[in-house]
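Asks: Single-letter residue listing:
Number of protein chains: 4
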Amino acid sequence: MFKIKRPSLCDPEMPLVCLSDFEMYAKEHLPKSTWDYYADGADECCTRDDNLMAYKRIRLHPRMLRDVSVTDMRTTIQGTEISFPIGIAPTAFHCMAWHDGEMSTARAAEAMKTCYIASTYATCSVEEISTAAPDGFRWFQLYVYQNRKLSEHLIHQVEAHGYKAIVLTVDLPYTGKRRNDIRNNFKLPPHLKVKNFNGFFEELNGNEEYGAPANSLDSSISWKDIYWLRSLTQLPIILKGILTKEDAELAVEHGVQGIIVSNHGGRQLDGGPATIDALPEIVETVQGRIEVYLDGGIRTGSDVLKALALGAKCVFIGRPVVWGLAYKGEEGVKEILQILSDEFRLSMALSGCRNISEINRSLIQFSKL
Amino acid sequence: MFKIKRPSLCDPEMPLVCLSDFEMYAKEHLPKSTWDYYADGADECCTRDDNLMAYKRIRLHPRMLRDVSVTDMRTTIQGTEISFPIGIAPTAFHCMAWHDGEMSTARAAEAMKTCYIASTYATCSVEEISTAAPDGFRWFQLYVYQNRKLSEHLIHQVEAHGYKAIVLTVDLPYTGKRRNDIRNNFKLPPHLKVKNFNGFFEELNGNEEYGAPANSLDSSISWKDIYWLRSLTQLPIILKGILTKEDAELAVEHGVQGIIVSNHGGRQLDGGPATIDALPEIVETVQGRIEVYLDGGIRTGSDVLKALALGAKCVFIGRPVVWGLAYKGEEGVKEILQILSDEFRLSMALSGCRNISEINRSLIQFSKL
Amino acid sequence: MFKIKRPSLCDPEMPLVCLSDFEMYAKEHLPKSTWDYYADGADECCTRDDNLMAYKRIRLHPRMLRDVSVTDMRTTIQGTEISFPIGIAPTAFHCMAWHDGEMSTARAAEAMKTCYIASTYATCSVEEISTAAPDGFRWFQLYVYQNRKLSEHLIHQVEAHGYKAIVLTVDLPYTGKRRNDIRNNFKLPPHLKVKNFNGFFEELNGNEEYGAPANSLDSSISWKDIYWLRSLTQLPIILKGILTKEDAELAVEHGVQGIIVSNHGGRQLDGGPATIDALPEIVETVQGRIEVYLDGGIRTGSDVLKALALGAKCVFIGRPVVWGLAYKGEEGVKEILQILSDEFRLSMALSGCRNISEINRSLIQFSKL
Amino acid sequence: MFKIKRPSLCDPEMPLVCLSDFEMYAKEHLPKSTWDYYADGADECCTRDDNLMAYKRIRLHPRMLRDVSVTDMRTTIQGTEISFPIGIAPTAFHCMAWHDGEMSTARAAEAMKTCYIASTYATCSVEEISTAAPDGFRWFQLYVYQNRKLSEHLIHQVEAHGYKAIVLTVDLPYTGKRRNDIRNNFKLPPHLKVKNFNGFFEELNGNEEYGAPANSLDSSISWKDIYWLRSLTQLPIILKGILTKEDAELAVEHGVQGIIVSNHGGRQLDGGPATIDALPEIVETVQGRIEVYLDGGIRTGSDVLKALALGAKCVFIGRPVVWGLAYKGEEGVKEILQILSDEFRLSMALSGCRNISEINRSLIQFSKL
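Line order of the protein sequences matches chains W, Z, V and R.
Numbers -8 to 360, taken from the numbering used here, label the letters of the first sequence in order.
Numbers -8 to 360, taken from the numbering used here, label the letters of the second sequence in order.
Numbers -8 to 360, taken from the numbering used here, label the letters of the third sequence in order.
Numbers -8 to 360, taken from the numbering used here, label the letters of the fourth sequence in order.
Next comes chain W alone, as it looks inside the complex (with noise of 0.2 Å):
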């Protein structure tokens, strides 16, 4: 499965095999500004390099002699089966990474089966996403704006297209201060649009920031618009960002149907936990009233394993599907998932875990933490 031969401008003979040798040939073959939006992180980028380095300190309890000639990786997530517990979490701006962006993105987990959060600030619309894979599990991450027509357009636009439930991003009031975008005046290209906002900030005249007016944002968000959500739709509702017990407390309080637990892949607040640090404690006070998923630092399959037996239903990965996609698209994507998918079976198999339910908390060596 792992012996992919393809052409590559570092090595055209050397095959990519893990997640970092895409991160390595996107580096190299995006422009230094693109690449710059997606791997930073805020400020001193200490929370987004902690996503990372939390797992190396953590150490698995494997089991021996349990008969891992079959194993199956499927789960749910609000009651639709996926092929694996992995899915594609939301990230802006798949155009600038390959020319057809989201759609390509969208193409690759239809045919992995599993599931795309598509982000508000997509380059391709919610229709057009739709249309290109249209018998893939999607969900799709909103933003509220001041102008809260907006928020609801896009509410009925993706319920209009299938998709199946609304990621709230709550970590975000204003934007995180990312250093490199600052020193390279990232801007979207002139040739792509957040199509998602057609039809309401039609004059970006300067005063703009990725792609939507600066400030656009509504800032004043709290727990009781999760009553006004619930009221515009009746799809489930996911927050997304929530990094400790208290807030979860209260979201199943609110009523919700799931977690993300995340912090925006370290851009947001930096100094806040890692993501697979604050799950134990979340998941202890949540105690399975709703699904509790994780984003962040995931590049291998014993990092999936971790999360899961830590008490995550799945992961959803960001930045190595923008990864998939700079290396060769739909392709790429594909490649990315398999190769996760792949590893993550693997370690399962070598934990003596052969299906998802026997991945918990005895797999982990608590006494070395």
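Honestly, the hints are just simulated from the structure, not real lab data.
Take the hints with a grain of salt, since some may be wrong.
Same chains, same names: a pair is fine if it fits in one copy or spans any two.
[What the hints assert, rightly or not] Lysine to aspartate or glutamate pairs mimicking DMTMM-like chemistry, simulated, CA-CA at most 25 Å apart:
{"id": "1", "residue 1": "K47", "residue 2": "E35"}
{"id": "2", "residue 1": "K47", "residue 2": "E240"}
{"id": "3", "residue 1": "K155", "residue 2": "E118"}
{"id": "4", "residue 1": "K47", "residue 2": "E272"}
{"id": "5", "residue 1": "K325", "residue 2": "E118"}
Using the hints provided, position chains Z, V and R relative to the given structure of chain W.
Replies: Relative to the frame of chain W, chains Z, V and R by itself:
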């Protein structure tokens, strides 16, 4: 706010976006012995470096969905309102970094409506500083000399020119051993003088140290001198350099009005604690009876947030102010304060804090300390 | 003993004085893909590297003035005496490192009077190895194949040729993901064969992995197969690859005679514990009912001492033996064993231990772990 | 005191301001095999390096405002006053570093009024050392040889020449494995001799080690030999090389007068504790019944302060003395002692200690250990 463009010898197109950028600029543009004087710590610089690293070990516990559309950074120190809890710590010889030195610093602090603690070792006089920024809020940092007349003279001067508190430095009975100053045979440039010493140390015939006669400081200073100082002035007395709960308790008992938890930027005792590590036990001991401040190692807005969460009423920055001066005098210091307070405001918002009173220990993830 | 002079391409005058010196020699002299095959770990090599680093975190608690003029390193494993508690772990393809491969390894082990665990993946046959060193003490490492006849055939062979135990590898239901082998498209050189497969996998038409057909291992292997194995042989059965107290308890309950705490040199599950970290809980669980051994990360005599102090009856070394072979065949392996056992004897003496029975947990400074 | 200017081949204008500067000077000016002999530790040098790093993990808890205008570093060891609690540890072969070797060391110690522990492996005789500095305070470091007459002879010699104590090294039943000495085939230069062996090891025909016949040390040395030693002399007996509370208790029970907590500069057992980490449990066990000293890793005045705060009565420095010798003989050793004691005095003052009796465990911030 952050996308400032301006000429820089490093890269004329590259804006300075964070305090570390100013540090690099200053290192490149100041004469080596001047840079070394500001940068050096005592001995092996363990404490200087730990001041910064200690913040990286602390993880925030941020709250979401709290309506942070309006944020208010204002606070008071000793009853006076400042626009954000970031003041200017006393550092020496500002005219080495910018031609009119402390006068520029004073104007920047006045413009930004925060507190400037002028150093005894200023290269402008108390009067010049006061005249430069007549509406500024200023404290005066005091050393005690063997010639107590000098201290008395300085207190009368600062009272006459509207300074609002006396900040007594208690961690310098002798000067710490800064290896580079010895190697460089560092001396104040001949065209500069510590103007506060006018009329006192006139004959500096060779045996000088940092612009004063060697060994002129009174190393017999002890707690009873707090009563002597009180007898000279009704201004609030703040002790700068306290690092233990025992001394914090003594400070309260001796009737002072505040404490700055400080290790003199790691320039005195090498091997002492990082200030942010020393802060919690002091705050716990003081129990709000007097105000507790902190300096040392603050480089980003999230450092400020962590210090306030652990109980500091206000932080003070030292070296970054000098970097700002070296960059562009008053404008540079204003930029430093603007960048740091913008980062602090963003960190507040991203952690769910709308005003200073909402910042408390629950923001710190103690389990990961 | 240590002051050996001999030709080396690195520096003909420079003796090889420790195991790391042999590592550098082998890295310089073996073809890259051969070196990579031996050196690589799974995925990010975290576990491979932690195997070594974990020893550096352990501090000894040495005793003085105990008359160490006579030291005795002899011990027994499975009732047979060896001259020191350091055996040779099974590693594959010795003919890649030295022309007559495992025959040289066998002669070195015989000469040094220690145990050699021959690998199923030897490039010499069970019979050739036995003939090369007729008085050697040997065990045989076994995999279970889907074609169980192969395993049965091998057991009969090793019984016929005087091997004294069966070491069943339990951590390889599937091969770990070693990135460099994929990148190098590693294959056994055409002039070499896994001779133990003679008469079985004759038609390796392209779809091979490490000298056997891909997916020929039986990944359904489970605890009940221990009973199957017991039905085939009366030799002691040792399980190699146990990392948890739970599996150690099951091993005892299933009637095996020993355990090798091993993570396959970090080549299988990446993210599992260092073997020396996994050892204590296993020793505590087993309570002496069967013998517990360890492999992984042993590079100096004090590593051996730490492993024995934490309860291992004997350690086995893998990669260093290959380095010795690459250096000078039988002589190289003998030097490796001589150097390591000399270092171990010295560490014993410098900690106050005269014989193996005096090595126990009191030698470990637990407060600093 | 610190602003010394003198010629140096590195940079003739650059003063040597701290012990590390002398280390760099010595490394640059000594022949490589000589430098290696002094610098090397055993095996992987973990313990040698941890001796230094352990100090960096300890944080002081300094007190302010204590009138430190008068500071007094004087202390006593075995009833004799020394001007500061820093003595000279025994190290071998001073004539390799400076032409008249131990005679210069003795003169420096005499001038600085501190204790010099002369090594058995001196390249000057006991008598020469005594004659060079007739008023110096000296102890003698003793090894026990298989030929006990040699030890008896040495004891009579040192008694006759006014040495005040016998320091018995207990951590060298065999010499540690120092890789570079093996690589360099290190031998004492032909023009030098261990003069204390005169009349004993006359025929060193090739089979020598560090100036004595290989294996001439008595590795049977044990606690009962303390009684033998006591029968030979009424001088105080100090045991050098104790690292555990158990051996400290035995030392007290066997009636010795002192202990030097030492790991032989990391040159014997690699993997043992840093001396500063081993000190507290020993001090706690000894409870003041005998004096406890320490050597290993002392490089700054704050290291001395930490060792005394944790219960050492005095510290001894080894390698730094050799660096001083290599720099300028007696003058160099005096500078080393002057710099280190000046730093120690400054560290005392900056922590609020006026004299040795005020240094205690309250100076250590245990919560951060």
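Asks: All hints, please: hold or fail.
Replies: Results of checking the hints against the structure:
1. Proximity of K47 and E35 under a CA criterion of 25 Å is satisfied in both settings, with 20 Å inside one chain copy and 10 Å between copies.
2. In this assembly of identical chains, the alpha carbons of K47 and E240 never lie at most 25 Å apart, being 29 Å within a copy and 28 Å across copies at closest.
3. Taking the shortest Cα distances, K155 and E118 sit within 25 Å of each other inside one copy (14 Å), while across copies they are farther apart (64 Å).
4. Proximity of K47 and E272 under a CA criterion of 25 Å is satisfied in both settings, with 19 Å inside one chain copy and 21 Å between copies.
5. Taking identical chains as interchangeable, the C-alpha atoms of K325 and E118 lie at most 25 Å apart only when both belong to the same chain, with a minimum of 22 Å there against 48 Å between chains.
In this structure, the one hint that does not hold is number 2.
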